[in-house]
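So you can see what is in the structure, the chains are spelled out below.
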Amino acid sequence: DTEVTQTPKHLVMGMTNKKSLKCEQHMGHRAMYWYKQKAKKPPELMFVYSYEKLSINESVPSRFSPECPNSSLLNLHLHALQPEDSALYLCASSHGLAGALDTQYFGPGTRLTVL
Amino acid sequence: ILNVEQSPQSLHVQEGDSTNFTCSFPSSNFYALHWYRWETAKSPEALFVMTLNGDEKKKGRISATLNTKEGYSYLYIKGSQPEDSATYLCAFRSLDYKLSFGAGTTVTVRA
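Chains as they are written, first to last, in this note's numbering: chain C, 1 to 115; chain B, 1 to 111.
Just chain C, with the same shape it has in the complex (with noise of 0.2 Å):
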């Protein structure tokens, strides 16, 4: 199985919400990764978990708030966000950090629309 799912698929969010992405794999994978992808525009790094401890934070505000309950899942806490926050999100994983050949396999994403 070399596929990461993420959930739901699109979401539509007011300011004052509350929602979770949802992000899994099932390759043994032990590092994990949050991206945000604007229209037109290279994914962005947000977040990096090694085995499940938050290794990389790029200076993401803290309406974003990751989590890995397990080395399979990945959650995004989303609070209070704003409209320019609407964007696709990308979980990826791969079975290390530091390597040149460590692969990332990346889901398909969750398009956000903040109202």
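Simulated from the structure, these hints should not be mistaken for laboratory data. Each residue gets a CB set at the ideal place from its N, CA and C atoms; glycine is no exception. Treat each hint with caution, since some may be false.
Lysine-lysine pairs mimicking BS3-like chemistry, simulated, CA-CA at most 25 Å apart [said to hold, decoys possible]:
1. Lys-41/C with Lys-9/C
2. Lys-42/B with Lys-22/C
3. Lys-42/B with Lys-9/C
4. Lys-40/C with Lys-42/B
5. Lys-98/B with Lys-40/C
6. Lys-98/B with Lys-69/B
7. Lys-19/C with Lys-42/B
8. Lys-41/C with Lys-98/B
Just so you have them, the derived chain C footprint on chain B, three or more residues with Cβ under 8 Å [to be verified]:
9. 38-44
10. 94-102
Stretch-level coverage of chain C by chain B, calculated; a stretch enters the list once three of its residues show a Cβ under 8 Å from a Cβ in chain B [what the hints assert, rightly or not]:
11. 39-48
12. 106-115
Please arrange chain B on chain C, whose structure you already have, making use of the hints.
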């Protein structure tokens, strides 16, 4: 944020024709260069990872070359087919292992 540029942003190619496009990246602190294919509504799919200057990789009709000294990689599609229509992303991995993506080249193959 490292500057990874892909050109052109989009291209149209007739079925059966060949095409190529470029990924430019910093020539210092190079560790690896990844190529992904991303079809609409699907997950980005890894195509190649290249580490050595002069590397050439091939997968079916798609191939890639790498020049780390001048900081560029070419991706070639030979005899394009409609199923090759996708956005092709490159990603530069620097020595601190961070991955920086380009914005992609969107290829549309016309039947």
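Tell me, in ascending order, the numbers of any earlier hints that this structure violates. Result: no hint breaks.
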